[in-house]
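Residue-level listing of the chains:
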Amino acid sequence: MTDRALAVVRAGALTTVQDLGRPGHAHLGVPRSGALDGPAAALVNRLVGNPPEAAVLETTLNGCAVRPRSTILVAVGGAPCPVTVDGRPVAWGAPVHVPAGALLDIGTAFSGVRAYVAFAGGVAVEPVLGSRSTDLLSGLGPAPLTNGAILPLGSPTGLHARVDFAPQPRPPVELVLRVTLGPRDDWFTPEAVRTFTSRVYQVSSASNRIGLRTEGPTLERALTGELPSEGMVLGAVQVPPDGRPVVFLADHPTTGGYPVIAVVRPTDLPAAAQAVPGTPVRFVAVRRR
Amino acid sequence: MRTLRVGDDALLVEVASGEEAEAVHAELLRRRAEGLLTVREIVPAARTVLLDGLADPARLASELTASDVPPAPPRAGEVIDLPVRYDGPDLADVAALWGVPEEEVGRIHAATEFRVAFCGFAPGFGYLTGLPARYDVPRRATPRTAVHAGAVGLAGPYTGVYPRASPGGWQLIGTTDAVLWDHTRVPAALLSPGTRVRFVPVADV
Numbered sequence: 001m002t003d004r005a006l007a008v009v010r011a012g013a014l015t016t017v018q019d020l021g022r023p024g025h026a027h028l029g030v031p032r033s034g035a036l037d038g039p040a041a042a043l044v045n046r047l048v049g050n051p052p053e054a055a056v057l058e059t060t061l062n063g064c065a066v067r068p069r070s071t072i073l074v075a076v077g078g079a080p081c082p083v084t085v086d087g088r089p090v091a092w093g094a095p096v097h098v099p100a101g102a103l104l105d106i107g108t109a110f111s112g113v114r115a116y117v118a119f120a121g122g123v124a125v126e127p128v129l130g131s132r133s134t135d136l137l138s139g140l141g142p143a144p145l146t147n148g149a150i151l152p153l154g155s156p157t158g159l160h161a162r163v164d165f166a167p168q169p170r171p172p173v174e175l176v177l178r179v180t181l182g183p184r185d186d187w188f189t190p191e192a193v194r195t196f197t198s199r200v201y202q203v204s205s206a207s208n209r210i211g212l213r214t215e216g217p218t219l220e221r222a223l224t225g226e227l228p229s230e231g232m233v234l235g236a237v238q239v240p241p242d243g244r245p246v247v248f249l250a251d252h253p254t255t256g257g258y259p260v261i262a263v264v265r266p267t268d269l270p271a272a273a274q275a276v277p278g279t280p281v282r283f284v285a286v287r288r289r
Numbered sequence: 001m002r003t004l005r006v007g008d009d010a011l012l013v014e015v016a017s018g019e020e021a022e023a024v025h026a027e028l029l030r031r032r033a034e035g036l037l038t039v040r041e042i043v044p045a046a047r048t049v050l051l052d053g054l055a056d057p058a059r060l061a062s063e064l065t066a067s068d069v070p071p072a073p074p075r076a077g078e079v080i081d082l083p084v085r086y087d088g089p090d091l092a093d094v095a096a097l098w099g100v101p102e103e104e105v106g107r108i109h110a111a112t113e114f115r116v117a118f119c120g121f122a123p124g125f126g127y128l129t130g131l132p133a134r135y136d137v138p139r140r141a142t143p144r145t146a147v148h149a150g151a152v153g154l155a156g157p158y159t160g161v162y163p164r165a166s167p168g169g170w171q172l173i174g175t176t177d178a179v180l181w182d183h184t185r186v187p188a189a190l191l192s193p194g195t196r197v198r199f200v201p202v203a204d205v
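These protein sequences, in sequence, are chains A and B.
Going by my numbering, the first residue of the first sequence is number 1, and it counts up by one from there.
Going by my numbering, the first residue of the second sequence is number 1, and it counts up by one from there.
Source of the hints: derived by calculation from the structure; they are not laboratory data.
All figures in this text were calculated on a predicted structure; none of them were measured in a lab.
Positions of the beta carbon are idealized from the N, C-alpha and C atoms, including for glycine.
Wrong hints could be hidden among the right ones.
[Claimed, not checked] DEER-style ranges, computed between Cβ atoms:
id, chain 1, residue 1, chain 2, residue 2, range
1, B, Asp182, A, Pro39, 50 to 60 Å
2, A, Pro277, B, Arg75, 45 to 55 Å
3, B, Pro101, A, Gly257, 32 to 42 Å
4, A, Thr108, B, Ala203, 56 to 66 Å
5, A, Glu220, B, Gly35, 38 to 48 Å
6, A, Ser205, B, Thr142, 52 to 62 Å
7, A, Gly158, B, Asp136, 55 to 65 Å
Extracted from the complex, chain A is given alone in its bound form (with noise of 0.2 Å):
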């Protein structure tokens, strides 16, 4: 076997392998899946020297260890957390080389929820549809990192970037999400569209790379009955019977049957794929551009 590869010996909460995702198949019912936070995840591929479509590490709040067989450049980003190689302390937000048999040890994020981890050369996980991203919701892509799991490693291509630190945003201590009301506020009072846009909410712990659900005030319907399934996109805000405004994330279904009350805006939601459960949510409504 090849000596690109890297044994998984922690694979942490939820670890998946990320890149830009497989957009153009939602007519499928193929969700987009990808990094949640973009940004970060091309960042650190820039850190190390790999193109944006490189895939990554996306890990879960408490991160993830692995060995990889020869020595190879890294950088972690997203979520600031504790790394270490070999127990000793290396850069975070910096590209650092990992001896060949180092335990590179990603921690518990200080802040924030998703730590992205990039390797030279990618992680190269068999792509489907184009893509080596994991999606949770249609099981699409590799399953989810698990202890002694062997993730192969493309060939670097590029050269990395010479930096001691590169700043990242810091994870919200407040997540204030602009959106453009529609396509159907109209199925809610007009009393639940200024709720909707006014209160705070808060992200609930029951958030995934679907959704970042919210508790708080519950939107009350004007229109009752059910909505004909319609397809949906990132950012779209829909409420269940529940009346709680659910945000779809990257691995969001492509049709969906509850009404969409308003859209985030997409530079937003980097933000919220970082907010970690109890972070309070505003929903400002903005004109559309």
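Please build the complex by placing chain B on the supplied structure of chain A, with the hints as guidance.
Here is chain B on its own, set in the frame of chain A:
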């Protein structure tokens, strides 16, 4: 046609019926094929077609709002035959809802030409229309926690085939051995919007 803006760069085209949605979908696919429409996703559904990733959604919205629903496209393309055994656990319930003897359910179902109205729920899961409205059935009051791959079910006006094992609330009338989804195959999905489908009964072995 009614158009609804969705975020900054998507548009939902809403029409009165599934047939009109089919016609609008066909027209939008034609425009894209001819290079007249640049869009990332075209997602048909029950009464709508979603256009996601548009450069100028406002202009397209005013253009579509001013135009009539295009005429229904002719039924074209090959018919995909799905071998089926009408042996589902809800066959008796469906027969009762239809008011026919149990063995008639399969005969009526297999005599129908279906069409994939849209996909969703899971990769390769198609919502097939074709049965007359009098054969609409409700979903099961309590969804099953596990439905096996290849199960053929009914819900509302639709027939669907589960591409893989999953929970599900459709009324199961049969089983097919056809592989609905295989990501190593090109195309991965056996059924896509617009595909014509026939169920062909096979004898139990």
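Hint-by-hint comparison with the structure:
1. B:Asp182 - A:Pro39: 50 to 60 Å: Cβ of B:Asp182 to Cβ of A:Pro39: about 34 Å, so the range 50 to 60 Å is violated.
2. A:Pro277 - B:Arg75: 45 to 55 Å: 51 Å, holds
3. B:Pro101 - A:Gly257: 32 to 42 Å: 33 Å, holds
4. A:Thr108 - B:Ala203: 56 to 66 Å: 59 Å, holds
5. A:Glu220 - B:Gly35: 38 to 48 Å: Holds - the Cβ-Cβ distance for A:Glu220 and B:Gly35, about 46 Å, lies within 38 to 48 Å.
6. A:Ser205 - B:Thr142: 52 to 62 Å: Since A:Ser205 and B:Thr142 have Cβ atoms about 27 Å apart, the given range 52 to 62 Å is violated.
7. A:Gly158 - B:Asp136: 55 to 65 Å: 57 Å, holds
Of the numbered hints stated above, those contradicted by the structure are hints 1, 6, listed in ascending order.
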